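Peer 1: Next come the chains, spelled out residue by residue.
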Amino acid sequence: MYEVEYKQAKTVADAAALLAKTGGKPLAGGQSLIAAMKLRLAQPGTLVDLSGIADLHGIRREGDALVIGAMTRHAGIASSTEVKRAIPALAALAEGIGDRQVRNMGTIGGALANNDPAADWPAAVLALNATVVTGKRRLAAGDFFKGMYETALAADEIITAVSFPSPKKAAYVKFPNPASRFALVGVFVAQLADGSVRVAVTGAAPAVFRATGIEAALAKSFTADAAKAVKVDASGLNTDLHATAAYRAHLVSVMASRAVAACG
Amino acid sequence: MGANETGIIGQSVRRKEDARFLTGAGQYTDDVTLPNQTHAYFLRSPHAHAKIRSIDTSKARTAPGVVAVYTGADLEGVNGLPCGWLITSVDGTAMKEPPHPVLAKGKVRYVGDHVALVVAETRSQAKDAAELIDVDYDVLPAVVNPVDALKPGAPQIHDEAPGNKCYTWSLGDKAAVDAAFAKAAHVTKLDLVNNRLIPNAIEPRAAVASYSRADEAYTLYVTSQNPHVERLLMTAFVLGLPEHKVRVIAPDVGGGFGSKIYLYAEETAMVWASKRVNRPIKWAAERSESFVSDAHGRDHVTHAELALDTDGKFLAMRVRTTAAMGAYLSTFASCIPTILYGTLLAGQYTTPAIHCEVTAVFTNTAPVDAYRGAGRPEATYVVERIVREAGVEMGIAQDEIRRRNFIRSFPYQTPVALSYDIGDYDQTLAGANELADVKGFPARKAEAAKRGKLRGLGYASYIEACGLAPSNVAGALGARAGLFEAGQVRVHPTGSVTVFTGSHSHGQGHETTFAQIVASKLGIPIDNVDIVHGDTGRVLFGMGTYGSRSLAVGGTAIVKALGKVVAKGKKIAAHLLEAAETDIEFEDGKFTVAGTDRSKTFGEIALTAYVPHNYPLDKLEPGLDETAFYDPTNFTYPAGTHICEVEIDPDTGVVRIASFSACDDFGNIINPMIVEGQVHGGLAQGIGQALLESCVYDADSGQLLTGSYMDYAMPRADDMPSFKVSTRVTPCTHNPLGAKGCGEAGAIGSPAALMNAVLDALAPLGVKHLDMPASPQRVWHAIQSAKAGA
Amino acid sequence: MGIQIAMTVNGKAVDADVDPRTLLVDFLRINLGLTGTHVGCDTAQCGACTVHLNGRAIKACNVLAVQAQGAAIVTIEGLSPDGVLHPMQAAFKDCHGLQCGFCTPGMVMSALDLVERHPGADEATIREQLEGNLCRCTGYQNIVRAVQQGAAAMAK
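Protein chains in written order, with the working numbering: chain A, 1 to 264; chain B, 1 to 790; chain C, 1 to 156.
Think of the hints as simulated: they come from the structure by calculation, not from any bench.
Just so it is clear, the structure is predicted and the values come from calculations on it, not from any experiment.
In this text, a Cβ means the ideal position worked out from N, Cα and C, and glycines have one as well.
A couple of the hints might just be wrong.
[Stated by the list, open to error] Using 20 Å as the maximum straight-line C-alpha spacing, the simulated EDC-like pairs for lysine to aspartate or glutamate come out as follows:
hint, chain 1, residue 1, chain 2, residue 2
1, A, Lys228, B, Glu286
2, A, Lys7, C, Asp15
3, A, Lys38, B, Asp719
4, B, Lys453, B, Asp719
5, A, Lys38, B, Glu286
[What the hints assert, rightly or not] Partial selection, computed: residues in chain C whose CB lies under 7 Å from chain A:
hint, residue
6, Ala6
7, Met7
8, Ala16
9, Pro20
10, Arg21
11, Ile30
12, Asp42
13, Thr43
14, Ala44
15, Thr50
16, Arg56
17, Asn62
18, Val66
19, Gln129
20, Glu131
Taking the hints into account, I'd like the entire structure generated from these sequences.
Peer 2: If you want it as structure tokens, here you go:
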């Protein structure tokens, strides 16, 4: 790890000011950032630790929406009775992130800000049409994710919470990479309150995306078979050691069909 | 076992070593901290193949905390790392042994090759400074696949090895094989790749080297499976140091699996540098360094042919293998795809004629050497895969084709040099059939089909040659070292015992198994016995632990030393009891005059040996401390049958192991719990090879693509089933323990069993071939190709 | 440059001035000499460095020492302060759930967290929940048995 300065922020404003002043990076759970720093792939200069900002922790209902504070750990979301009651698919997704030790440190805000192409949370946020709340503004899911490891966040902007509208039905099914256990393909299927269907895919492309073909098929018939019958276009999907684009395209349909089945 | 032993042999005694491991009190190399210690970091080549135009270390030398920076140019008078086994090519020429410099000289030949050693006050400072070293590389084309490396026009890795060929070696009667093929009723042909693996002991390699000016002596703590061999090679072959002035300590070692047998560049450079900086130097590999710099395993490309008669009896086998050596010859690299591979191609079968030809090839990759099983898994994979194909092609059931060809008369001389002393292959096959409930398979397959899943069953009946081995035979075959073992039994005046063994435990539980033997033979409580290993300063000599040799060879050396202790004890007892030595019997810890109740306890004899007031000093030296060396007369031959049942999801290509059964014959067993644990671990590694693991280098750049656990699929708990294991016993005929060894069996039989099961499951879809690992994408693509071809 | 940190480790208050880039595992191993916590990888996957931070298992190689400011840390050395093996440690010994011992401290610390979060876990759940701990020696079977036996002993 390269040399680094470390600052504790007490408030969101404090954090923004420290980030603006130092050009550093916010430190949430650190499960991706510290790993990257150890391999000398990241050199933030200054870390601004968000763990001391009380406002960023916790899970609450706001009307019909479930609001999860950005510094809430994956493990806390997985075991939250509030989450299990409101959107059980989110608790199940959180329980499948990384491993138990990583879930005990990693946070939803950190994962979204990092926007790893194989991360799980982006699929939930995009499929449920959630709102990403920052210290400065509210961003619709569709506007938040920009590309591989890229988001709409400014350098001194911090995610404070994510607001998930309760869907009618939702489920996430992941096909893990045999080595890393990150999503080789992860598909989040949601039937929103207004009846519309959104299907978000992670792991398969440089960034999370909506599988519009499957959405259209499920809008007509919300069945596993309908999802499985859709042939997903492999162009633009990732090819790597663990999966060709063709295999990933196939898995998108299969995982989508399993997610529909899991919706009940 | 003899009647004069207490019942502790054969019991699952809980391990003596566990208390320290479970409480964090284990002492691994990276736990060693010496006063005034510095830290090492190795700058490694980022290129697979390049000329070094120049290295500028000036900035690094003046960086904060830096004590010294060394490159290959500084290591004047230091020889290259040696290879311990000379293989002779079919044309009579010696294998090509290009120099293997400790730090690169003029050229780098793989990603991870050692370019410079930085010594600094802290690990971070050493790493920071290494980034300031300016190396001017002239990047050359690289070749990573052994078959590609043999092609005309392939990049030339060493001037000394034209065409990248290290040797072409053969074994067996080619003319007899050709004749048998000419009259065969059926010939089965198969092309196979044995995938390259990265050992991945969970403890990364580490070393702490120090030098004392006062007594001109070095001490090296190192993650080694064989500290005496490490010392011998380092002092005599590389650094030219006096052997008695170097103490090598391999303390607790966190797994080896072969990868910690070898003399590596890191510790060699550190020992050399410790005198120059006159301070202790410590290094522990980061995992990403382990991936690029530990010796890898396997990496064979093979064409095999099996000739059969109309009844499915094997007439002959022909095997042609290309084996990667990597960029340099690692310590035992040359003997793995030859001595430990070609000789095993008879398997459990009476195949009368076998011919094997192996071409060893340099590639721009990390060196390849022994990895759990070492040559024997590769041989078993060839034999058991082709036997399956032959059975399928001829319509003979998988267990039946094996039974038709089993060796049943012992000793049995194979056509590939080995002489099996004993075995009962019908017994282990029957045992495996029973464990696997093979009778119930058709019903399970039908039930799975209803769920849209494909079930398959696969067999592997393996044999291994273990207990390495007679030194004279090894020497005749090219070994540059002996293959005996040493043991010393030191009885203390109060009757407790310290045993010094040349074997080294890095998970095998020797401190318990060996103590069971000693306690049993001497009739004393196991708590009165301590086993010391892994320290050239305390243990007289040793060849170390690999090749499932510790019990059969190391254990036998201890048994021989115990025999000497008892013999001397009888002399002392005879004197005390005023009886003839020949009348003294030793049983249950007591020396008794035969036919009387006159006796002396072991403790009394021990005390007398050290307080020799009433003692035959004119005939006998005081003291009770005996040493034995044991050089076996033959290999040992553990064997067994593994049966794997898989269920495949054709939608995703995921292979789930429904059950895995192993029935093994390891000869006599001292501690069944430990043996079962060894089998489990071996199975997991073999299954890992067949299902998950694969070391992949980029064909163009030579970069390691599987350089971390993000891309190298290590077996996890939920990848593994609960194994069903059992044992049968035919005691080894040529060592007093009747033991054969158990450490590698699991890794030897399981890959073929699993792949045979996968192919059985996929057969209805028309899939005819699949190479390891049977990863989801490979299986899915194989299904798609079969569909497209149908 | 240095940062003052304070925490409790195995019930004992400790403080130190550390370089901010110091990982918690290095603080434990180097500063405090608690070498029972091991480092087996650099991508936070092997789990050999698992310790408890405020009662939850975390990977000490992927957390900065400064992030543990004010926290209560428990390492393998803290499980049996009076020399008597904790029931989970005893179960690992009894079931032969360890061979080389290198992954063992992390495995045991992880197992305790597993039992706490998933009381009454069956074999499949235990295997799944051990995703964050690699063992190369045992094939996991005896580890799974040890976790079951340890959990049962702890419930008594």
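Peer 1: Determine for every hint whether it applies to the structure shown.
Peer 2: Hints, verified against the model:
no. : hint                  : result
1   : A:Lys228 <-> B:Glu286 : violated (44 Å)
2   : A:Lys7 <-> C:Asp15    : holds (18 Å)
3   : A:Lys38 <-> B:Asp719  : violated (28 Å)
4   : B:Lys453 <-> B:Asp719 : holds (18 Å)
5   : A:Lys38 <-> B:Glu286  : holds (10 Å)
6   : Ala6                  : violated (14 Å)
7   : Met7                  : violated (14 Å)
8   : Ala16                 : violated (14 Å)
9   : Pro20                 : holds (4 Å)
10  : Arg21                 : holds (5 Å)
11  : Ile30                 : violated (14 Å)
12  : Asp42                 : holds (6 Å)
13  : Thr43                 : holds (6 Å)
14  : Ala44                 : holds (5 Å)
15  : Thr50                 : holds (6 Å)
16  : Arg56                 : holds (4 Å)
17  : Asn62                 : holds (5 Å)
18  : Val66                 : holds (5 Å)
19  : Gln129                : holds (6 Å)
20  : Glu131                : holds (4 Å)
Violated hints, in rising order: 1, 3, 6, 7, 8, 11; the structure is consistent with all others.
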